[in-house]
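Quick mapping for you: the protein sequence lines, in order, are chains A and B. Numbering-wise, our numbering comes out as the position in the first sequence, counting from 1, plus 5. Numbering-wise, our numbering comes out as the position in the second sequence, counting from 1, plus 29.
Each hint should be verified, as a subset may be incorrect.
As the list claims (entries may be wrong) - Derived lysine-lysine pairs resembling DSS-like cross-links, with alpha carbons at most 30 Å apart: (1) B:527 to A:94; (2) A:82 to B:178; (3) B:527 to A:106; (4) B:48 to A:91; (5) A:106 to B:31; (6) A:91 to B:527; (7) A:82 to B:48; (8) B:31 to B:178; (9) A:106 to B:48; (10) A:106 to B:408; (11) B:260 to A:65; (12) A:104 to B:178; (13) B:48 to B:31; (14) B:260 to A:104.
It should be emphasised that the hints constitute simulated quantities derived from the structure, not laboratory data.
The chain contents come next:
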Amino acid sequence: MPTTMIGRRPIDVNDEGFLTAYDQWDEELGATLAELIGLELTDRHWQVLRFLRADYAGRKETATLRRTSTLGGFGIKELFTLFPGKPAKKMAYVAGLPKPKGCV
Amino acid sequence: MKRLVILGGGTAGTMVANKLRAAYSQDELALTVVDLDDQHHYQPGYLFLPFGTYRAQQLVRSRHSFLPDGVDLVLCEIDRVDAPFKTVYLTDGRALSYDYLIIATGVQPRPEATTGGDGPEVGVSVHSFYTLEAAKELAEALRRFRGGKLVVHITDMPIKCPVAPLEFTFLAEEWLTKHGIREKTELTYVTPLDGAFTKPVASRELGTMLSEKGIHLETDFTIERIDNDAKEIVSYDDRRVPFDLLVTIPLNLGPDYIARSGLGDDLNLVPCDQQTMQALAHPDIFVLGDGGTLLTSKAGSVAHFAVDIFMENFPAHLAGAELTHGFDGHANCFIESGYGKGLLLGFNYDTQPYTGTFPAPLIGPLALLKESRLNHLAKLAFRWVYWNMLLRGRPLPFTNKMSLVGKRVEDAGSASAQPMPAKASAPAPLAASPKPAPVRKPAPARPSIGKPAAKPSPTPRPSAGPATPTPSGPLPPDPRKGVDSTTDPSPVLPGPIKPTF
Ligand SMILES: Cc1cc2nc3c(=O)[nH]c(=O)nc-3n(C[C@H](O)[C@H](O)[C@H](O)COP(=O)(O)OP(=O)(O)OC[C@H]3O[C@@H](n4cnc5c(N)ncnc54)[C@H](O)[C@@H]3O)c2cc1C
Chain A
6 MPTTMIGRRP IDVNDEGFLT AYDQWDEELG ATLAELIGLE LTDRHWQVLR
56 FLRADYAGRK ETATLRRTST LGGFGIKELF TLFPGKPAKK MAYVAGLPKP
106 KGCV
Chain B
30 MKRLVILGGG TAGTMVANKL RAAYSQDELA LTVVDLDDQH HYQPGYLFLP
80 FGTYRAQQLV RSRHSFLPDG VDLVLCEIDR VDAPFKTVYL TDGRALSYDY
130 LIIATGVQPR PEATTGGDGP EVGVSVHSFY TLEAAKELAE ALRRFRGGKL
180 VVHITDMPIK CPVAPLEFTF LAEEWLTKHG IREKTELTYV TPLDGAFTKP
230 VASRELGTML SEKGIHLETD FTIERIDNDA KEIVSYDDRR VPFDLLVTIP
280 LNLGPDYIAR SGLGDDLNLV PCDQQTMQAL AHPDIFVLGD GGTLLTSKAG
330 SVAHFAVDIF MENFPAHLAG AELTHGFDGH ANCFIESGYG KGLLLGFNYD
380 TQPYTGTFPA PLIGPLALLK ESRLNHLAKL AFRWVYWNML LRGRPLPFTN
430 KMSLVGKRVE DAGSASAQPM PAKASAPAPL AASPKPAPVR KPAPARPSIG
480 KPAAKPSPTP RPSAGPATPT PSGPLPPDPR KGVDSTTDPS PVLPGPIKPT
530 F
């Protein structure tokens, strides 16, 4: 597992660049990660990210799109607009959480 | 005398009822099984029904005939469970009180959960094979099919038997070829995953097989609706896949009584310990089979291994002691690949599917992740094993701790390995006492009694209450720990790794 310098701080990540330690993240880092993948964060993005962080804290598992939609109240269509392409992975990346499990 | 109620008389419920009855006398433990009806289905057979391999009556037997004397079978729908008062309510008004409860009601396909999934094309051009009725209708539809666009589609994960849609696709390819309409058919496999399967090694092998068979693969497809007029499936990012015949795997959910009882998550699955299958919120409830949140395949083989672990732990639970046996997530799946061949896939929580051979006593070594005729025959033989050995709780020639003997383990998981521990079992507030987590690594020696967890969780665990956080809710405390790179022997890269999405 490599450690990388992000915004002058050493951060533990996996080979794909996803954070591996929940408590190394803060909102400033979230903004930096978003920038890295070409996203500019609006208030609505932050609502989604805060939902994901809080949900993870209780379950130790990254919420799926369906869960973010049913429990967080964000439409899946909207999530696709906010995090275009692969919303589930992008949301997790910016929120500093593991990639949601592809399931087994 | 203690009372144990088993909800669901399917694969897991029937197995555990047989094993419990054999292990405990009626004076020690009263056993009740609740199910909707007296028809036990051999679900793996649904896959073959559309191609005429089996007739429907070969797949259905009476539940009664698989339950031993001294087990009370109650036929009624479950209405709800009152966990604090240890009572199950049935829809006919009856109430069953229990000391211990096993939830084994599995998951069921819910076509209506997708917009258009209950539209006018259902049974016409929109089909499935995840219930007996649907599989029978699909058999008819295939017989009438004269070529065109055949689309096999998974709505969302997790589904029971995650390899079944791929198998259906392989078998359909063979069927079309044998009926002389392969040339006239465009075959497409549509999945919400980013590859043919979930695990990287298997995904690569199976993806190659799809392309070799000329089957188009459409990935990352999150379905918004089935457009019944245009005969297209439409994704949230506006991709459209047209079909003449759609074979869709609907969303799989646990039954609604789970939600009514406040026991489930957003998919009506009951959160349970990865190793002991004990419900996180209620220590006297165990979840066996598909209905829990184990991070492994929802499959009959997994149910079998999990039931064995449960049986090893139950004496300790009765005595109020710690549970010392842990499930390693071991799954074995036969994959039909068409033309009389099959693959065998094996993995657990920690290990990727591997190649090599699986030492199956009686049958001989089976090739892992490689096509062979023997694997196909083993899959067909499984129906006999299911009815005659598995359900009745007879010992099977497989072990429940994965053995890596004779297997080549490939490390392709690193790219997407989960950085967090797979164990999602932070002790719930209601849990009696914090117990050391049993080891779940595939150990060479079988028993793994009482060893403490291999490594502590790397992250502090803020209180894991079942309460659902709201988007506006406060964030957990963020101590903003950085890494002390002086003690870290791994290299510090000068810049961030940019993921490729
Ligand atoms: C097409 C297909 C192919 C498959 N192929 C394979 C395979 O090759 N190998 C393999 O290992 N597995 C396979 N499986 C998966 C396997 O069938 C399941 O994993 C297994 O049956 C799970 O057992 P279970 O006891 O959890 O659930 P089930 O066997 O589904 O039993 C659940 C029971 O609960 C009852 N129930 C549900 N709700 C209620 C209620 N409200 N009130 C009363 N009763 C209720 C149901 O009637 C049912 O009898 C396949 C599944 C399908 C659909």
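Here is how each hint holds up against the structure:
1. With a CA separation close to 13 Å, the supplied pair residue 527 of chain B and residue 94 of chain A stays within the 30 Å bound.
2. A C-alpha spacing of about 27 Å is found between residue 82 of chain A and residue 178 of chain B, which places the hinted pair at or below 30 Å, so the restraint holds.
3. Taken as a hint, the residue 527 of chain B and residue 106 of chain A pair is honoured in the structure, with Cα atoms around 20 Å apart against an allowance of 30 Å.
4. Distance restraint check for residue 48 of chain B and residue 91 of chain A: the Cα-Cα separation of roughly 46 Å exceeds the 30 Å cut-off, and the hinted pair is therefore not satisfied.
5. Distance restraint check for residue 106 of chain A and residue 31 of chain B: the Cα-Cα separation of roughly 39 Å exceeds the 30 Å cut-off, and the hinted pair is therefore not satisfied.
6. For the hint linking residue 91 of chain A to residue 527 of chain B, the alpha-carbon distance of about 15 Å falls within 30 Å, and the restraint holds.
7. For the given pair, residue 82 of chain A sits about 48 Å from residue 48 of chain B by alpha-carbon distance, which is inconsistent with the 30 Å threshold.
8. This hinted pair does not check out: residue 31 of chain B and residue 178 of chain B have alpha carbons roughly 57 Å apart, beyond 30 Å.
9. The hinted pair formed by residue 106 of chain A and residue 48 of chain B fails the criterion: a straight-line CA distance of about 33 Å is larger than 30 Å.
10. At most 30 Å may separate the alpha-carbon atoms for a hinted pair to count; residue 106 of chain A and residue 408 of chain B meet this at roughly 28 Å.
11. Restraint check for residue 260 of chain B and residue 65 of chain A: not satisfied, since their Cα atoms lie roughly 40 Å apart, outside the 30 Å limit.
12. Restraint check for residue 104 of chain A and residue 178 of chain B: not satisfied, since their Cα atoms lie roughly 33 Å apart, outside the 30 Å limit.
13. As the CA atoms of residue 48 of chain B and residue 31 of chain B are separated by approximately 16 Å, the hinted pair is consistent with the 30 Å bound.
14. Only pairs whose Cα atoms come within 30 Å are accepted, and residue 260 of chain B paired with residue 104 of chain A is rejected, the gap being roughly 33 Å.
Consistency note: the structure conflicts with the earlier hints numbered 4, 5, 7, 8, 9, 11, 12, 14.
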